[in-house]
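Visitor: As given, the protein sequences belong to chains P, X and L, one line each in that order. With my numbering applied, the first sequence covers 1 to 335. With my numbering applied, the second sequence covers 1 to 400. With my numbering applied, the third sequence covers 1 to 291.
I should point out that these hints are in silico values taken from the structure, not numbers from a laboratory. It is possible that part of the hints are untrue.
If you want the footprint, here are the derived chain P segments under chain X, 3+ residues with CB under 8 Å [to be verified]:
#1 108-115
#2 166-175
Going by beta-carbon spacing under 7 Å, a handful of chain X positions derived as facing chain L [said to hold, decoys possible]:
#3 Val40
#4 Glu69
#5 Ala198
#6 Pro228
#7 Val234
For each residue, glycine too, the CB sits at the ideal point set by N, CA and C.
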Amino acid sequence: MTTIPTGKTPAVPAGINWLGLAGHAVPWVIAIVYYFMAADYLTFGTQIMIWILFAMSLDLVLGYAGIVTLGHAAFFGIGAYAAGIFSIHVSGDPILGHLVAIVVAALAGLITGAMILHTTGVTFLMLTLAIVSVIFEYANQAKWLTGGDDGLQGMVINPLFGVYPFNIFGNTAYIYTMVVLFVWFLIARRLVRSPFGRSLDGIRQNPRRMRAIGTPVWWRLLAIYTISAAIAGSAGALSAHSTRFVGLDTLSLLTSGIVTVILILGGTRRLYGAFVGAVVYFYVQDWTAKISPYFWEIIVGGMLIATVLFLEGGLMDLGRVARNLFLRLRRSRTA
Amino acid sequence: MRWFAGAVAAVALSLSAGAASAAEVVKIGLIADFTGAFAVWGTQFQHAIEAYQAIHGKTVKGPDGKDYEIQYVYRDNVSAGPDKTKQLAEELILREKVKMLAGFDLSPHAMAVADIVNQVKMPVIIMNAATASITRNSPYFIRVSMTIPQNVVPLAQWAYKSGIRRIYMITSDYAPGYDAANFFSKEFTKLGGQIIGADKSPQQETNFGVYMEKVLQAKPDALYMFQPAGSPSVSLVKAYTERGLKQAGIKLLGTGETEEFQMDAFNDDVIGTITSFHYTETNKTPLNVQLRATLTKLYGPKETPDIASVAAWDGTDLIYRSIAVLGPNADGDKYIDFMRHAKLNSPRGPAEIDPVERDIVQNMYIRRVEKRDGKLVNIDIDTVPMVKDPWKLENPPKSN
Amino acid sequence: MPSLSFAATIILDGISYGMVLFIISVGLTVTMGLMRLVNLAHGSFAMIGGYIAGYLTQNGYNFYLALLIASIVPGILGGLAEVTLFRPLYRKGELAQVLLTIGFVFVVTAAVTGIFGAFPYPVKFPDYLTRPLDIGFRTYPGYRLFLIVVGAIIAAVLWYVIEGSLFGARLRAAVDNPRMARAVGMNVNVLFTGTFVIGCALAGLGGAVGAGILSPEPSYALKYVVLFLVVVIVGGEGSFKGSFVAAMALGVIDTVGKYFFTEAAAYLLYAAVFVLLLWRPQGLLPPKSVA
Numbered sequence: 001m002t003t004i005p006t007g008k009t010p011a012v013p014a015g016i017n018w019l020g021l022a023g024h025a026v027p028w029v030i031a032i033v034y035y036f037m038a039a040d041y042l043t044f045g046t047q048i049m050i051w052i053l054f055a056m057s058l059d060l061v062l063g064y065a066g067i068v069t070l071g072h073a074a075f076f077g078i079g080a081y082a083a084g085i086f087s088i089h090v091s092g093d094p095i096l097g098h099l100v101a102i103v104v105a106a107l108a109g110l111i112t113g114a115m116i117l118h119t120t121g122v123t124f125l126m127l128t129l130a131i132v133s134v135i136f137e138y139a140n141q142a143k144w145l146t147g148g149d150d151g152l153q154g155m156v157i158n159p160l161f162g163v164y165p166f167n168i169f170g171n172t173a174y175i176y177t178m179v180v181l182f183v184w185f186l187i188a189r190r191l192v193r194s195p196f197g198r199s200l201d202g203i204r205q206n207p208r209r210m211r212a213i214g215t216p217v218w219w220r221l222l223a224i225y226t227i228s229a230a231i232a233g234s235a236g237a238l239s240a241h242s243t244r245f246v247g248l249d250t251l252s253l254l255t256s257g258i259v260t261v262i263l264i265l266g267g268t269r270r271l272y273g274a275f276v277g278a279v280v281y282f283y284v285q286d287w288t289a290k291i292s293p294y295f296w297e298i299i300v301g302g303m304l305i306a307t308v309l310f311l312e313g314g315l316m317d318l319g320r321v322a323r324n325l326f327l328r329l330r331r332s333r334t335a
Numbered sequence: 001m002r003w004f005a006g007a008v009a010a011v012a013l014s015l016s017a018g019a020a021s022a023a024e025v026v027k028i029g030l031i032a033d034f035t036g037a038f039a040v041w042g043t044q045f046q047h048a049i050e051a052y053q054a055i056h057g058k059t060v061k062g063p064d065g066k067d068y069e070i071q072y073v074y075r076d077n078v079s080a081g082p083d084k085t086k087q088l089a090e091e092l093i094l095r096e097k098v099k100m101l102a103g104f105d106l107s108p109h110a111m112a113v114a115d116i117v118n119q120v121k122m123p124v125i126i127m128n129a130a131t132a133s134i135t136r137n138s139p140y141f142i143r144v145s146m147t148i149p150q151n152v153v154p155l156a157q158w159a160y161k162s163g164i165r166r167i168y169m170i171t172s173d174y175a176p177g178y179d180a181a182n183f184f185s186k187e188f189t190k191l192g193g194q195i196i197g198a199d200k201s202p203q204q205e206t207n208f209g210v211y212m213e214k215v216l217q218a219k220p221d222a223l224y225m226f227q228p229a230g231s232p233s234v235s236l237v238k239a240y241t242e243r244g245l246k247q248a249g250i251k252l253l254g255t256g257e258t259e260e261f262q263m264d265a266f267n268d269d270v271i272g273t274i275t276s277f278h279y280t281e282t283n284k285t286p287l288n289v290q291l292r293a294t295l296t297k298l299y300g301p302k303e304t305p306d307i308a309s310v311a312a313w314d315g316t317d318l319i320y321r322s323i324a325v326l327g328p329n330a331d332g333d334k335y336i337d338f339m340r341h342a343k344l345n346s347p348r349g350p351a352e353i354d355p356v357e358r359d360i361v362q363n364m365y366i367r368r369v370e371k372r373d374g375k376l377v378n379i380d381i382d383t384v385p386m387v388k389d390p391w392k393l394e395n396p397p398k399s400n
Numbered sequence: 001m002p003s004l005s006f007a008a009t010i011i012l013d014g015i016s017y018g019m020v021l022f023i024i025s026v027g028l029t030v031t032m033g034l035m036r037l038v039n040l041a042h043g044s045f046a047m048i049g050g051y052i053a054g055y056l057t058q059n060g061y062n063f064y065l066a067l068l069i070a071s072i073v074p075g076i077l078g079g080l081a082e083v084t085l086f087r088p089l090y091r092k093g094e095l096a097q098v099l100l101t102i103g104f105v106f107v108v109t110a111a112v113t114g115i116f117g118a119f120p121y122p123v124k125f126p127d128y129l130t131r132p133l134d135i136g137f138r139t140y141p142g143y144r145l146f147l148i149v150v151g152a153i154i155a156a157v158l159w160y161v162i163e164g165s166l167f168g169a170r171l172r173a174a175v176d177n178p179r180m181a182r183a184v185g186m187n188v189n190v191l192f193t194g195t196f197v198i199g200c201a202l203a204g205l206g207g208a209v210g211a212g213i214l215s216p217e218p219s220y221a222l223k224y225v226v227l228f229l230v231v232v233i234v235g236g237e238g239s240f241k242g243s244f245v246a247a248m249a250l251g252v253i254d255t256v257g258k259y260f261f262t263e264a265a266a267y268l269l270y271a272a273v274f275v276l277l278l279w280r281p282q283g284l285l286p287p288k289s290v291a
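Just chain P, same shape as in the assembly (with noise of 0.2 Å):
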């Protein structure tokens, strides 16, 4: 029977979209149970949201914005000894050190990516990862500022609010990490959907044509850049809270590594990639490593392998992997 199109839209179903939204409920629902369940691991959930944050930052630029970079760390570590060093030499507030940490990371992103974002592919991946490494070095001699390769002595974070301290038992330092992340969180997801978000999609797929329609690619991949250091410097400020100290490995080229197989693991341009990498990577790590030391180098190395072998997307595809598959059995089996 055909129907004849009227001059009417159909209407839109009226009504929340009850399972998108407990959909993403989800990872902030565990968080929770996990501050009730686990009121003696604390510091190892503080850790992961700290590197789902990090993680995040780094899906905006290279997951969105296609900047293939090994020089995240630089961020980090910059927004973890500034807010350290601010603890240090000016005023123990944390939310205060926060945002000069914030502030302080977003400079760095800007002048650097000021003098690099011209260039692309393999070229730019080595500047990220020469500035990088002159930041590092340049921490590890400057012992009067950084407390070099013994990292920052003498932090002293007051409670938070003056109430809240950050102590052994990390309740405090859970809870601000989580409000933090999911605060970044809400602002990233609105920032891919919308028109700018949009446009650095079609940049990476093509800046040519995004060029020739007038979209000034440089600028905003400059924008997105300043934006992701900026989050990338939350989340070391959140780190330097929480462990109450800063060490030289949050610049580290190691961590920028980690940091970018976490996010591939977990899967790029979806932003939950950042919060499935992170758990899997760090929980696979942290139960192997006590079985046997070099044991876990096998173990995450075999999963990574398998990851890019089996699941284009990163691990967020097992769902869709699974459902097909499911399908598929279903197919066969009524066929």
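Following the hints, put chains X and L in place on chain P, whose structure we already have.
Guide: The following block gives chains X and L in isolation, referenced to the frame of chain P:
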């Protein structure tokens, strides 16, 4: 409020540590590097501890006559830096409910846990970290390894005594290297010697050709080196032998670079190198002979004990003795009080803990590399008895 | 003012270091240029070569035999890895390549630690290489001269193969214009695998002879991968000449920098890379398709 509950729990934890867990197993948390560039240390710790427990058994009789099993819980720092150490320490304290912490092959790792062990009053037995100021960071730190200044000052003195007047230094560009350069040059120039050149090499440098050139140009009486264990040490000594410095009459002075487990990498030109160290692998004390024999039995003939093995052995001995006297549930302060008056029965020779600084006081041995039975080994040629850490003597505590 | 003999030493030091970098990296530049594969695992083949040479020389085998085996084994492993693991990567994009090759490095690092232990694993060079040789106006380590000779021979052989042989011509064609190469019927699979095998074999050889400068240890692959990538990218991906020039340049810069600015030595190399890449983003001597 959770924070208040947390504070109450902290107090409860310290007062009645272990009330919740059964008193039979006493857990000791050990944090070290088992993978990565410093994996030698964690491995040495674990092997020495297992050797000790193979000889002395795993249990200790407490003051109440009951048997307590000392169980080490090992955690790998996965080359991840001091924030990982903090996380591991918190997990060991809160989750595994360890009674003490031990290990800490690198100084930043030890320093990172100071504020948390202060919160829960947990004894920490430092088995390798060597930065002088560490034991000041927390009243719960006891060190059984060594300090850098303790090691280098006797060497500077010996160098001057033996007629060396002009020295070129190549030290590694990280905190222990700065300590070494600082204290060596201070002592040597105080005695009347001259430091004619000083270079800092990147921490993981293995390409020392250029540095050797500079030394050859400067023509010192001796070259003083300080490099981290592993490839940098090996590479520098090799560069010394390969570049003809020995033939030019330049002596080599060092600290831990000629440790026995690294000797395989050198050719005979390393003979004559003078090092100062707190442990000579070839010493004939009965405990050392026993340690070597047990390690060989458990891990094969290539296994050589080294400073971390000895420190882990002594640390374990301290733990056993303190549990035997105080039991597993004593207050952190009591354990520290017991340990800081302790004399160590050590394979390295005489050693004890300084009661005020909680730091190690021990003999320093001046050794020369020689060939015995076809193997390159360190042989003692002089002993400086019971050296206290010079840095502490220079920087007396402001208040106790 | 440094004397002539001293200046000569510095240059020789830089060149010998550069030779090691060249031998290891030349395989990487060809695979990156040819297959457009971001291969962070290249250092592991060099590492395997170093360990094999270490094992054989420590157990009394002939040094040159050890070098031969240290080249062959990584070559074979490379071929196997290429066919099974890396081939699916060509069409998967850079990110997947980064992830898989890092995973590969982890696995190899763990395997090497498990088999050989966590301590540095030296190669026992023959006595005549560990002593200084008299080269007329001064003495100089025989080992370094050996490196220069080996590097020069390999460079000459590769030059002949790449410029003068059919295989070389096919290789250059495939690097310059992959689509056209396929269109004229070249068996790209065989070419890729063969090139990869040779590249890994060279890396293994470089790891073995270079063990006196870059010592084999578990963190080798991760530590030095940056150096190899720098040589490739500064030289220009796919450019054999470029990797030679870049390796020499970086070796000399690093050595000279260490002499004159020992404090800033660590910065110097990266700063130099930064400047070089901003000046010549495509590399010093990029192959035709890129230039």
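Visitor: In ascending order, which of the hints set out earlier in this document are inconsistent with the structure?
Guide: Violated: hints 1, 4, 5 and 6.
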